[in-house]
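There are 2 protein chains.
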Amino acid sequence: MEWISRRNILIVGLGLMGGSYARALKRLGFHIIAIDKDTDSVRWAEEQGIIDRGYDYVDEDAVRDADAAIFALYPEVFVQWIRDWQHLFKPGLRITDVTGVKACVVYDVQAALREDVEFIAAHPMAGREVYGVRNSDERIFRDANYIVVPTEKNTREAVEWCKSLGRLLGFRHIAELSPEEHDEMIGFVSQLTHVIAVSLMTCSDNTHLVDYTGDSFRDLTRIARINDAMWSELFLMNREPLLRQMDVFLEEMAGFRKMLESGDIEGMRAKMRLSTERRALFDKKKN
Amino acid sequence: MEWISRRNILIVGLGLMGGSYARALKRLGFHIIAIDKDTDSVRWAEEQGIIDRGYDYVDEDAVRDADAAIFALYPEVFVQWIRDWQHLFKPGLRITDVTGVKACVVYDVQAALREDVEFIAAHPMAGREVYGVRNSDERIFRDANYIVVPTEKNTREAVEWCKSLGRLLGFRHIAELSPEEHDEMIGFVSQLTHVIAVSLMTCSDNTHLVDYTGDSFRDLTRIARINDAMWSELFLMNREPLLRQMDVFLEEMAGFRKMLESGDIEGMRAKMRLSTERRALFDKKKN
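Same order as they appear, the protein sequences are chains Z and B. Residues in the first sequence are numbered consecutively from 113, following the working numbering. Residues in the second sequence are numbered consecutively from 113, following the working numbering.
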């Protein structure tokens, strides 16, 4: 397997996701080098044996030695990093990432990148409500989806390499989507749901209702605890798809409101039956 | 304890909730008589020992013998039942119910009721996604709220009696609200959340996204599997409070949409921080 000869893996950005990648890949025998500006994260990960070597600055030899590189940085930081340091990359190096939105990142990075190095984008749809390398945990991959997001610039070999990385990390389901398909999907299943949960918590002062909330309210607002810096940036980077999804949802709910107002019981029941039928598919698929 | 002398409990309507009441109260030593038009439910509950005696018609002696009565019927059926059969009630009988909306039921029943019989309303905020006596289970009360909903017509004794019933059933939290407070609360924590979940499932054909949904989408749509007959009726019975809550939510979400569209990152972050802070209270209270 090609991976065996690619021994040195460079992880840039050692937070929750970078740390979880490091744990999984180190266990498989790879040599893990990490770069993160946070000294404490790097020291701690070294002490814990999560990584083999870590730097709180860009160590040029560490970059030169890399046989594969995984970027877990905020998008603008990522593109700038590539511009600043790609002269150090080994020819033929393969790069992937963990960014949660794609169209606004992938094309920029690929445009900035040297011709003899390939960037194949990926989105590991895993996470926790907590952050940082100290909370990293490779078990978050087990029930999660891993999406490879190729463009016309990518070779078939790189796509397969990236899928095999997803399998090595232990993801349950590996898929392939274009950047645009990916962003629409994320706008709907992830970002729209977070906007809804946040709006439900903020629309009125409901704190006096704590005693009355049952499972349904708690289920709908679990994801309302949110990293505001990260999510607001993800929303802005995916603004158009998310606005489209919000409009579709708002229109649907306004339609339901009209049915309720006019006493259209048959209309409401038809929506409820459709909803029940569709949701049943999701339960089936899970099992 | 007053309950000990009130031996015969009549349960009218032997579905999920009536059956769960029967199980809990029979275990405590009460003599349980049930009336339900569904012959199979009544026979099955008798065979299982969930009830002592059951009738698929209104047995006059069963009604005459009742020392307390619990109604688990749809609202209009409930009011009509009272009109038709209240002449059989023992003087001083106490009646309660399980109806999920209050203002549209409580005043009508109290207005229709004989002067020497008292109806004290209650809402056991428990349930399952399945229906019927065969799915009844008293454990659904354990983590749930029980809300007593008195009006000016109620005596303090009846309110206390109703609270003690909630404690006997094993509810975690017993509260007291006016019909109007109850209906606003239910419009927000229960009905609005169901409208949102249904709208999220119906707003676009998302069945091809099954493979990509993570916990957040599944959490928000769990309650989208819904009994359309029951919920559409509950919505209509609570139309005004639910419309108000929907408007508040829709306006909030439209406001968030505007912030996203105009790139107001600070506005979005402030909403996310408020949401995070409020939701944390809910987690704390749960523990």
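I should point out that these hints are in silico values taken from the structure, not numbers from a laboratory. Where hints are given, some of them may not hold.
Label pairs and their in silico Cβ distance ranges [unchecked claim]: (1) Z:D317 x B:D376: 15 to 25 Å; (2) Z:T267 x B:A341: 34 to 44 Å; (3) Z:V229 x B:S374: 32 to 42 Å.
Ideal Cβ positions, reconstructed from N, Cα and C, are used throughout, including at glycine.
Problem - Earlier hints that do not hold, by number - result: Of the numbered hints given earlier, the structure breaks just one, which is hint 2.
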